[in-house]
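**Q** The residues making up each chain are set out below.
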Amino acid sequence: MTASQIVFLLSAALIIGSALMVVTTRKLVHAALWLVAALFGVAILYGLLEAGFLAVVQVVVYIGAIAILFIFAVMLTRKEMRDTGPQTRRSWPLAALLGLLVLAGLVFLVLDMPDVARTAVEIPAEVDTVGALGQALVSPEAYALPFEVASVLLLAALIGAVYIASGQKKE
Amino acid sequence: MNIPLSWYLILAASLFCIGLYGVLSRRNAIAILLGVELMLNAVNINLVAFWRYLDPAQMGGQVFAIIVFAVAAAEVAVGLALIISVYRSRKSVVADDIDLMKW
Amino acid sequence: MESDWLYIGLFLVVGLIIPIVPLILSRLVAPHKPNPIKQSTYECGLETVGESWVQFKAQYYIFALVFLVFDVETVFLFPWALALGQLPLFVVLEGVLFIGILVAGLVYAWRKGMLEWA
Amino acid sequence: MIWLLPLPPLLAFFLIVLVTNKKKALSHTLGVGAAALSWLGSMIVFVRALGVEHFGEHAFESVVDWLPTGETALQIGVRIDPLGAAVLFFVAWTILMIFLYSVGYQNFGQPAGDHDVKGLPPHGATVTDNMGKKHTVMSIEPMYSRFFAFLGLFACGMYTLVVSNNLLTLFVGWEIMGLCSYLLIGFWYGKKSARDAAVKAFMTTRIGDVFMLLGIAFLYSATGSLSFEVIFAEGTLHALATTPAFFGFSAAGFIGLLIFIGVVGKSAQWPLHVWLPDAMEGPTPVSAMIHAATMVSAGVYAVLRMFPLITADFSGHGLTMTMSIIAFIGSFTAIFAATIAVAQNDIKRVLAYSTVSQLGFMIAALGIGAYVAAAFHLITHAFFKALLFLGSGSVIHGMEHGALHTGEHVDPQDLFNMGGLRKKMPVTFWTFLIGGLALSGFPVLTAGFWSKDEILADAFGHGHWVVFITLAVAAFLTAFYTMRQITLAFFGEPRTRAAAHAQETPWTMTLPLVVLATFAIGYGWTGIPEHFPILGGLIPNWFHEFVGGTLAVHPEVLEFSIWPLLASIGVALGGLSFGWLAYRKVRTPRQDRLQIPVLKNKWYFDEAYDFLFVRPAAWIAEQFSYLFMDRTIIDGILHGIARGALFLGGVFRNYIDKPVINEFFGDGTGNLVKRAGAGLRKIQVGRLQYYMLASLIVLVAFAVLYYLLLA
Amino acid sequence: MNLWNDPINFIAGWLRALLTGWGLSLDLAKIFIMLVGVGVLIVGSLVLAIFLVWVERKVVARFQDRVGPNRIGPYGLIQPFADIIKLIIKEDITPTTADKVIYNLAPVLALASVLFLWAVLPLASNIYGVDLNVAALYLVAAGALGTLAIIMGGWASNNKYALLGAFRMVATMISYEIPMVVVLLIPTLLAGTMSFRGIVESQAGAWYVLMAPLAMLIFLISAVAELGRAPFDLNEAESEIIAGFHIEYTGMKFGLFYAGELLHAFTFGGFVALLFFGGYQFFGLEKLGPLVAVTIFLAKAMFGYWVIMWIKYTMPRIRIDHLLAFNWKFLTPLALILLVVTALLHKLLAGLPLWGITLIMFLTNVLIAWVTVEILRAYGRKQRQAEEVLAPAGQH
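Protein chains in written order, with the working numbering: chain A, 1 to 171; chain B, 1001 to 1103; chain C, 2001 to 2118; chain D, 3001 to 3711; chain E, 4001 to 4396.
Source of the hints: derived by calculation from the structure; they are not laboratory data.
From the three backbone atoms N, C-alpha and C, an ideal C-beta is built for every residue, glycine too.
Certain hints may be false.
Taking lysine-lysine pairs in the DSS-like style, the calculated list, with each CA pair at most 27 Å apart, reads [to be verified]: (1) Lys4100/E to Lys27/A; (2) Lys4312/E to Lys4287/E; (3) Lys4312/E to Lys4086/E; (4) Lys3022/D to Lys2112/C; (5) Lys4090/E to Lys1091/B; (6) Lys4100/E to Lys4090/E; (7) Lys3022/D to Lys4329/E; (8) Lys2033/C to Lys4160/E.
Label-pair distances were calculated between CB atoms; the ranges are [unchecked claim]: (9) Ala1057/B to Gly3190/D: 42 to 48 Å; (10) Ala3217/D to Val149/A: 50 to 56 Å; (11) Val2029/C to Gly4044/E: 33 to 39 Å.
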């Protein structure tokens, strides 16, 4: 048991626990806040994986923007803020069963993978992963096109969402 | 870095399945989207873990993770906008009530 | 590198714990005599009417939406800004195109009147 | 450079939609400017291509990685080879002309209409002149800017298709055009007929596209690439040709067939031709021309591109199965559509069917392996058909002017409302006449003659008698209905007051006509066979040399024979004179002896499709999905059949739509089916999560099954 | 390595020797030393926050022509401690309808999100918590947590005013985050690194305020908005929604929000200093020793804080529609233009001597500012004319 293993297990417990709360808690705002906790755990994992940039981005995008958007949406769509009535559908046992089946299948596949217990090699201290990420993202022989396409995707999402959410009340 | 790769993969699988359960079982459309977020994060954990364990010099894994961020943002933006729009016209966010697309 | 993140982790933990200290201190020293009036919702002495979780303008959501998209955009721009030094001018134009495409979205929202608070 | 060709129209599209939507002049400046830029670029590419010796082997090509997929990367790129250059030439010209023409056709500079609303054609505006007198004049299209935006997107799709070096981007361009055609056909979405036509066009072409996508997927799995260069490498072709696929086809033949089905949809070949005539609901000539002269050419272009694949197992004697099918569909369509065109009274519909017929010529030519002839006809046809459509638009525009002027409510598209327009609209008349003669294949002078003659000569020379005779008859009919149309519209006396007051259209409309008329005559001279009597050899057969160079094996020059020449001269002149004689005196539809119901109603194809496909499809969908979903999957697991039916029945009783059931199951099928259907349909609930559950169950089941079988 | 030149490492080395001498393993000793460092930094910043209460009250008094606290201790210096004791012994009232856990978590998170920022502040070239290579984004991330704290507090209080205040505050914060992040990109790309120490070091030749004065202004404005201070303090517009999102908070919980706000303001003063004013550098003076450098940095931060206070106590509050319109229609486009121009210039001018680059960038900024002002004036003129045309019609 090394320090990083302890950290991993702690954050894994945080992630799984919070994720379970996300899908079971009755109050939607609580679900959104549990999501924040789960995503924060994921950010810790990124830090553990030495993807510092992603760890910070995870907090910025998910907690700073997506969670806020969720909470806003919850506020906007509830006249009656008390979350009355059952929050799960009647077929939830089936869903749970399926979830477990899929999990079993995935775990089976993972354990079947060759060399799955490998550990990572040390990244040399002088390697700047953030800089390398930047170069990979914009240099034409790597991912420049996905980079531009991402902006088109965001544009489309922006226009579409603004159009839908505005409800054309001007006309 | 003495954590086996399988730990990450199994954690991601569990997160994915919890998200899946949420998507399938929740009544509220917003809660369904919360489940989708969990699933997307599970995918991202896998991407980053593979990046770290297989070839840290190749930035593909991280780039893909960033693209997933963009996709998640787009999905949330449009998804929630749709839910709000439906809520306006039908006064409900229960996914089962949104069933005009039948037959 | 790893120790950097260890430090940040410790900082987060300690940073969350230390603000709790005065709260505990206060719990120990301060009087605690609740009564229903004291614990009711504070609305300048008026009786509370209706649900306190009122409906909100959709406008809040629209702004959050635009924010979300631009926030993600900046996530893409940080690596770009870092790589700028090592790569040719072409890459700058790439970033400019990227920004331009998103500005088109802003312009759209603007022209649609979605940035008005009305 | 080549990369940039599709870009200006795309930018124009976004700019118009996002920014200049309100400013009409700015919008059309942007649109036309973008088209002109692309045109300029195309011409530069074309001229440079001309300067390259043995261009076929040294095509312009440039490739980038599109999507890194692990070790390899999906590549996209552009490629201009001789065929591409030739097609690019006409595409650039016609698109520029469309843009210019649209300015006039959508009445730029006219006042806004009195009662015009978005989604309906303009109805005219009332203006008061300085004498205080009121006139009704044409009014500007309310969605003027949007129209140019759509045109821009369309142009982008077409350029993408032409310059791409692989099937994937070709397909992307293809689908962009599919979308645009939907948008443009349904441009006046206020009209029900336009809406229906748009949906019909979209759905019909979609049928073809699904097959095409299947073909592309098959090709990718077979070769691991979609790039033309890789696919058409000799080794790959050989491997494909010798791999057996299904039903006795070779892999090459089968892929070719699948892609050809896509072309059948796009190029409106029988049996998927039904959408094209309806597509004439779009803003009259422009969208019609897009659908008739440019987009449908894309289908033929795709077959031309795939030609090496289709003919991979073709030894030179005896057509392969795929080629026979193609030849059959092509020649059948040619004659079939020609017969329908004879009986149509709508000026645009005649042209629409003639387009279907002419595309049949090209397809048939490809089916018998006449590569160059098909390409040649593709280009000449594009020019003169564009000319004809724009001409008909001009006629309609003139008629509308007359109708508004006189206040007479007539259908401005009906040939029997016209007459005598020769004097009112001289430019339109002369250009239309040139186009018509080219279409009929008027000997020597017109481009249509040379290309059609080449197809016939090929069919004759290779001994495909059936094709030869069918096409010859079709050519005769073509000449006949063309002359009928011209006679009815332009000669004789005006049949209505509107026709009497028709007026020549503005320069933005006539200039494209003149330009295209030039090409309709001149382009034919680039492909005169070398052994043609007298003329042969005066001008070298440039087209054959140039375009033929695209193929790895240069097609041999056909031995000259007098018989097909005589045949084509004969049918052209015969059809023309017969048409003139028969319709010289006709004043009303009653006097037209060819108004046979079966032709008039297009061989009842729409009705047959409705009966054969639309209704059964709905029926099968219900039966299949209800039975399948309910009995075998959801209920069985969820609550058992009885409980599930009870529970769902309680929830969804309100949604049972009795009239629909009655209609679908009719009186004859009986109560049993009715009740079963009513019970079973409840499972099709429209609930997202049900569907997800169901598909997940299937997925898990298959995963387990797969594992068990594998283990 | 001595105490004067490198105090942190000196003390750390001493501690390490001490702890390993006691028999601790090296790893544990490292962690312990880090904990000590973290504790010192956080406690230090909290003490600073207490001191800031005094500064704030003193300065606002001067702005308003008063004396301010002057009774307890010299110049009233003991006053804030008295305040704190008062806050601690006050009764803590929690509304019955509140969502308890979230309600109690919010103030803690609010203060913590500010404290987190101190982890990456370089006080001197060798006195800093951590030199993170993604520090610029870390700043944004910590801000995100602050946003979350506010929405939690507003929601959990179960009070109309609190929720309204929280919504306004969050709308403001997220809106102004965009121009802030965009101008944050400008020092990043000029320095070629996101590490704050790297950014400070790269300003040895010329402070970025000379290369990008407009970016500095935008950063300052959006920082004020992030803080929710006047003129952007709609979240606590007393006449409308009483006290905003912390209306239901009493005693020490309120105190945490308050301390968080003050410390936040000061911290942002520090960020302005280190991003645009050379951080702990002052014409070579910092080379005298780290403690001098720390003093320089704190002085610059205090100056930034003073400017923020100056703005707060002289400007009237603006309406929310104006506030958001100002951001989305003016600040964000301007920031994006600046980013594009700076990126282009940075690339095109590479190779020129530093003074040339600085001069050209400065002049470009001036040009952009001039054009912007002209556009605004033309726009204002047009609007006035439109109003003048409308006004008589409206009277009849």
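**Q** Evaluate each hint against the coordinates.
**A** The hints, checked one at a time:
A C-alpha spacing of about 14 Å is found between Lys4100/E and Lys27/A, which places the hinted pair at or below 27 Å, so the restraint holds. With a C-alpha separation of about 35 Å, the suggested pair Lys4312/E and Lys4287/E falls outside the 27 Å cut-off, and the hint is violated. For the proposed pair Lys4312/E and Lys4086/E, the alpha carbon gap of about 26 Å is at most 27 Å, so the pair holds. With a C-alpha separation of about 12 Å, the suggested pairing of Lys3022/D with Lys2112/C holds against the 27 Å cut-off.
A distance of roughly 45 Å separates the Cα atoms of Lys4090/E and Lys1091/B; the hinted pair therefore is violated under the 27 Å criterion. Straight-line distance between C-alpha atoms of Lys4100/E and Lys4090/E comes to about 19 Å, which keeps the hinted pair within the 27 Å bound. Simply put, Lys3022/D and Lys4329/E have alpha-carbon atoms about 21 Å apart, close enough for the 27 Å limit, and the pair holds. At roughly 25 Å between alpha-carbon atoms, Lys2033/C and Lys4160/E fall within 27 Å of each other, so this suggested pair holds.
A beta carbon spacing of about 60 Å between Ala1057/B and Gly3190/D contradicts the range 42 to 48 Å that was offered as a hint. Take Ala3217/D and Val149/A: their Cβ atoms lie about 22 Å apart, and the range 50 to 56 Å is violated. Against the hinted window of 33 to 39 Å, the Cβ-Cβ separation of Val2029/C and Gly4044/E comes to about 24 Å, which falls outside the hint.
Hints 2, 5, 9, 10, 11 from the earlier list are contradicted by this structure; the remaining hints agree with it.
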